[in-house]
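**Student:** Residue numbers (the numbering used here), protein chains in the order written: chain A, 1 to 429; chain B, 1001 to 1429; chain C, 2001 to 2429; chain D, 3001 to 3429.
Accuracy of the hints is not assured; some may be wrong.
Said to hold, decoys possible - Listed next, the in silico PhoX-like pairs over lysine-lysine satisfying Cα-Cα at most 25 Å (straight line):
(1) Lys2407(C) <-> Lys2323(C)
(2) Lys323(A) <-> Lys2407(C)
(3) Lys2330(C) <-> Lys330(A)
(4) Lys330(A) <-> Lys2407(C)
(5) Lys3407(D) <-> Lys1323(B)
(6) Lys2323(C) <-> Lys330(A)
(7) Lys341(A) <-> Lys2321(C)
(8) Lys1321(B) <-> Lys3330(D)
(9) Lys2407(C) <-> Lys2321(C)
(10) Lys3323(D) <-> Lys1330(B)
(11) Lys1341(B) <-> Lys1330(B)
No wet-lab data here; the hints were simulated from the structure.
Number of protein chains: 4
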Amino acid sequence: MPGNSDDFAIPVLGPCTIQSPLSLSEVMGDLIPNFVEEDERVLLNAVVRDGRVDTSRSFELAGPRRNIYFDPPKTRAGIVTCGGLCPGINDVVKTLVNELYRYGIASVTGFTFGYAGLIPGGPSPVVLTPEVVSDWNLHGGSMLGSSRGPQDPAVMVDTLQRMSINILFAVGGDGTMRGARAIWEEATRRGYGLAVVGVPKTIDNDIPYITRTFGFETAVSRAAEAIRSALVEARGAPRGIGLVKLMGRYSGYIAAYASLAVGDVDLVLVPEVPFTLEGLFAQISDILERQGYCMIVAAEGAGQDLFPEDDIQYDASGNRKLKDIGLFLKERIVARFTEEKSINLKHIDPGYIIRAAVPTPNDAVFCHELGEYAVHAAMAGRTGLVVGYWNDHFTHVPLVSATSRRKIIDPDGALWRSVLQMSGQPATF
Amino acid sequence: MPGNSDDFAIPVLGPCTIQSPLSLSEVMGDLIPNFVEEDERVLLNAVVRDGRVDTSRSFELAGPRRNIYFDPPKTRAGIVTCGGLCPGINDVVKTLVNELYRYGIASVTGFTFGYAGLIPGGPSPVVLTPEVVSDWNLHGGSMLGSSRGPQDPAVMVDTLQRMSINILFAVGGDGTMRGARAIWEEATRRGYGLAVVGVPKTIDNDIPYITRTFGFETAVSRAAEAIRSALVEARGAPRGIGLVKLMGRYSGYIAAYASLAVGDVDLVLVPEVPFTLEGLFAQISDILERQGYCMIVAAEGAGQDLFPEDDIQYDASGNRKLKDIGLFLKERIVARFTEEKSINLKHIDPGYIIRAAVPTPNDAVFCHELGEYAVHAAMAGRTGLVVGYWNDHFTHVPLVSATSRRKIIDPDGALWRSVLQMSGQPATF
Amino acid sequence: MPGNSDDFAIPVLGPCTIQSPLSLSEVMGDLIPNFVEEDERVLLNAVVRDGRVDTSRSFELAGPRRNIYFDPPKTRAGIVTCGGLCPGINDVVKTLVNELYRYGIASVTGFTFGYAGLIPGGPSPVVLTPEVVSDWNLHGGSMLGSSRGPQDPAVMVDTLQRMSINILFAVGGDGTMRGARAIWEEATRRGYGLAVVGVPKTIDNDIPYITRTFGFETAVSRAAEAIRSALVEARGAPRGIGLVKLMGRYSGYIAAYASLAVGDVDLVLVPEVPFTLEGLFAQISDILERQGYCMIVAAEGAGQDLFPEDDIQYDASGNRKLKDIGLFLKERIVARFTEEKSINLKHIDPGYIIRAAVPTPNDAVFCHELGEYAVHAAMAGRTGLVVGYWNDHFTHVPLVSATSRRKIIDPDGALWRSVLQMSGQPATF
Amino acid sequence: MPGNSDDFAIPVLGPCTIQSPLSLSEVMGDLIPNFVEEDERVLLNAVVRDGRVDTSRSFELAGPRRNIYFDPPKTRAGIVTCGGLCPGINDVVKTLVNELYRYGIASVTGFTFGYAGLIPGGPSPVVLTPEVVSDWNLHGGSMLGSSRGPQDPAVMVDTLQRMSINILFAVGGDGTMRGARAIWEEATRRGYGLAVVGVPKTIDNDIPYITRTFGFETAVSRAAEAIRSALVEARGAPRGIGLVKLMGRYSGYIAAYASLAVGDVDLVLVPEVPFTLEGLFAQISDILERQGYCMIVAAEGAGQDLFPEDDIQYDASGNRKLKDIGLFLKERIVARFTEEKSINLKHIDPGYIIRAAVPTPNDAVFCHELGEYAVHAAMAGRTGLVVGYWNDHFTHVPLVSATSRRKIIDPDGALWRSVLQMSGQPATF
């Protein structure tokens, strides 16, 4: 097992004895881009404190290796996209296909409608070639289709083995990565040398060890538009209140960044920072008095503790179902203020409009890079990993680490500080 | 005296003895964002090679300090924007003003039309308040106006002293930063405790020690649109050739990223990688034969060595004037191919359309953060610096370091590797 | 007295004896644009049937007159914007102000927050000059603010008289135009020579005698985006159903045009064409079977007869409150289909995001023209009218006619024919 | 020969004896859209002057007929797109294909790269089905490809006959329509019953009897962006001059509408209104003095008489080659002003960026309608015509009339009046 860190060691299927077909170099200064060296890693923590650096934890650097594990003409890959839609899925898939063909791989199979497409009797797979995917990046959503929910790992591995698939790319979120891990573990148990490489997808940007997830920037762009709309409404009416509910079940990144992008938000509510209704009312009251209107942005996971305890529901997987904080706040604010002095509250829940977008150019570049690095990792025999991005480098992150916890906004940190500085809201209320 | 340390040491005007008026905390876990610790730094190089990290060079971490140098009610700030337009200038200025008012500063003066506004008889300055700048972020360009060219530092410092300005923010590029350095050195010589803080602006993204400069992403977005247009033209005609000239005098970042964003570019020409005309013709010929059309993107600084030596001109400052590589390639390609078999070449030079854009939401957030950190640096008595962004943290970079060289694409590195993988072009031709 | 002619006669305050200060001409071919002739009219119906044209009804042509009624230096104008927001309000107001200043008018007052701003104790008016409004077109919504609900005409006329206002421009919808009419009738009763000119605003495009209302095109643009998002969702999931609810209380224009713009909508539901739930279910079932997904667009006024009779509510003005057809259909479709075979329904209600938009360039031109013609009408002493657009010309439409009924989609006509051809849906189900 | 007007009579291939397969009705009020009546026409001039209407000239109303000429299962159609790119070509083609399939036609052939695709040895045709074209509307340009230049009508008709094509749709401009006319005349001469139906494409909007051509609105949108960019540049520099060159060889519609859309243009130069250089300089001088910056928009055909006579060139077809008025004005203005007081002129020539755009939603609807009406016309045996839009109705316009002259801005009319009112420029200078 390679990797020199306890935490972020990446499993490798076997020795890399095949020479890479890519036209890269190992020489500096020859104007030919270089292969990545096997011993390059990226620090987890680049901050020096009191002159000391914590060098104990680092990630394997992603990138093409001089020697690879799989012999391309004898290698078959499969791609599956799962979970909710997110801008950029098709861009990732397009790049996966193109890069696999650059390596000269034998075939690429697209499983349709998520893990359901890996089950006998499920939706039929499609053959993917550079021609087939050439315009996929013009579309939002997933051209392969997606679905939610787990499937039996053993059955899925049966399918993969039956099709002689050597590499499986899974584009998806938390559940998808747990599924990928189950597939990988099942394959490992069988001694079936399957490379399982994840491209982490979560519009909420809540996966650890990846600075931002693909689609997040695009989501922020569209969310900012929704905030601008609500701001226009708030300013256009006497005692206007704009209220926008944005994605963010556990992490308020979209709410935070979109609010910073617009810059004229008065109250940003995120799951990471609790608040009381009375505190909120007092804030709104002050702001209306001072400014004539009030602009509020709430992540969907914010204020979940405000709902009555006996009202809590759990879904099939045992996850607590989120209550709709947007409608809740709308009702409570209207009820609270109408009794004293009329207000005009406009509530916007942009939801699907955000996630169905085509990625922004910057996000498209990021998708391209993620797809490319995922292929490099797989060809070099890495498995049980996702592609990460950390301290300005693409990295390999073990599936186990990537699914271990959620990345959340640190209320003590720089992002939340910027939000409070911009909004002028108190730290707690 | 202005410092010039290898370790990116930042000059400080004096001891920080005033308590910051910002409502921040020093306690972890209290849900109140924290001040930055004085001893926190960010590594220049977060890559571990052979288990070793180079800890010798690091940047001071940017952010609000518990104790500051300037007493806000007795402090006056000035802002100047210089050089070519770039998306986000107004966003930076708006945040500077808002953040200065949050500190409770006495006044903010906006100098108009660049350094010319610091010269007696030049354009008149304006008073900046949060109300004045509240809608500036809806505008492209610079609401303060801009101009090029140096002014006498002594005269500018006279003006600043006459107006009792304690802090000068300079938003601009290379020349602007050299001007800021001259002002700071002149002030230092006089013993005039002026904080000079730069916000580096270069649409080309060629400033060292800052992962990306503000406006760059927006520029890439618009450049990608231009490439898409040319691609549509190239595909719409028999033997169509699309040729887009993009900004990038010394560094091909816009050309590289915008090409990756579109993903269907065949040849990317940048200043960092030389090429021959005959090699280019051979490439085009092959691509037309294989694909029916050809898409070329050229940074304006690419191929400058292809122009006849005696044709080279220098501007007043002694800088070599760039020849128009777009028109040059257009003429040469048309001349070369028309003789054998007709082609349809469409040349697009989007130029000013790119730089006059309003920033994308993501860029707007970045502008906001840069403005905020610039104010924190100034209030803490830092001077002779620019705000940087490196390894996922905002940093302080000495003016001297930021103007010491240009950041260019490393032909051996990851970005250029991705470009070549995408385009399929050979490393050299 | 307020006129009420079948032939769209426009009341005039008195003889036009002042020469227009505009630099226009009455000569053809002199390269100077011409004044409008007093005897030019535009046919209501330009269709020839069996060789016959109905010439009995026509509109007065809008435009600048050689001789005007008001003496500009002695004339004061007021502007009020009422009702729900709509793209382009600020563009109209900006042009009104600019054009009034071109005539050399004494002053322009902006009443804030709708008719409430015309009531003593209400929001304060603002002085409007070309400088003040110069950037208003960069903003969505109404910079003057808006409000709903009627105010006492006598009190409003008191205010106007007290301020010596000669011309009142009212930008608003149905209710606003009824209010404008009441003001005009009250002024007429008092012998107070007030020109009341309306600029009809309704995002639903349901005002008669105006081909399209301002903001409508912009609304269609944004609505089309919402449909595209839902389409992406519908295609991205097995048996996916996209359901978009759009504005359109009485008229399905936004739903019809936005569906045509996207071109891949299967079912378009509008208030003008009733349908049954069972018919709808049968359609959906067929479409899912045939195509795998189904895209539905519903105007908010569609299917109101499907709600239980005893569930109907009326608002203060006696108008029937619309039920939420989007949520209703969502629930019913999910209930109906889930029992037989799982579906994935995604419901989008873009609402405020649509109406807060900045107008598209084409809409901006239209706003500009409407504002200009409104000023020409007022200066020529026309009153009790709105500016219309019909058969490619701007016209004068009596307030009485413009508020007499709603424009709706003709199910026998060309627009609905195009919708059915595109969608493939049967005429009735 | 049908048609009751001398001028706008539409040739018909023969009696319409086949019942239309479309599910339309002839009954009013049955909620089923109606067929068009054969005797419905649209007046050329809907203006009443002195109570009189000119009923002598009118257009046949476009739309589906109860009885058609072609028997769908025995009918083959071809589509060709020619000339410069324009937003919406693919939308038109997509609708043509879809509507032809709704009629149940036997096959649709797409000729590639313009009329060259109709010549033996030219580019190969493709089979068009609804599946093939389903995503074409997401692309700018022409998926069929385009080319310029005439081909021998006899050879093209040979090809059409050989392929048993009954209907040819030609999407293109002036030259294309002349080609279509030549094909139709050649077919008529041979007694070959070919329906030739044109969809007029000209981004300049200069085809008579069609209120606007498809793509024009989209072009105005993008042109407005270019103007905004130049305005930002002009305002951002001392004595800044923004100069934008836009399309418009003979007609200044894009320049006029885009300037109105932005609303802050000082000088609009169009081919229809001559000007002198000295007059222009005087205007610029005044505007700079008064306002500090100056914004100029020029259509490419403006000021062509300012070039030296002996400098005029003609192309192969004998058309005068346009000189580049943008570069010319740039040079002259810089030369003229630099001698007295420095200016900052920024010149933008957005060219291909404009024409390669995907159509705006409103334009997409228009393309859809044009495609639909073109099919209805062809199926009803109409030939030698283009689809027009006039006085709010779609019409049939003889090819001869549509190619007889160019539509230009009337300097005496309403559009130019609005432009002058907005810009404040004098009528002549």
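**Student:** Each of the hints needs a verdict: does it hold here or not?
**Tutor:** Structure-based check of each hint:
1. Lys2407(C) <-> Lys2323(C): holds, 21 Å
2. Lys323(A) <-> Lys2407(C): Status violated; Cα separation ~41 Å.
3. Lys2330(C) <-> Lys330(A): Judged against 25 Å, a Cα distance of about 21 Å means the pair holds.
4. Lys330(A) <-> Lys2407(C): violated, 34 Å
5. Lys3407(D) <-> Lys1323(B): violated, 41 Å
6. Lys2323(C) <-> Lys330(A): Holds, because 19 Å separates the two Cα atoms, which is no more than 25 Å.
7. Lys341(A) <-> Lys2321(C): This hinted pair holds, its Cα atoms lying about 24 Å apart.
8. Lys1321(B) <-> Lys3330(D): holds, 20 Å
9. Lys2407(C) <-> Lys2321(C): holds, 20 Å
10. Lys3323(D) <-> Lys1330(B): Satisfied, since the Cα-Cα distance of roughly 19 Å is no more than 25 Å.
11. Lys1341(B) <-> Lys1330(B): Holds, at roughly 16 Å.
In summary, the structure is inconsistent with hints 2, 4, 5 from the numbered list given earlier, while agreeing with the others.
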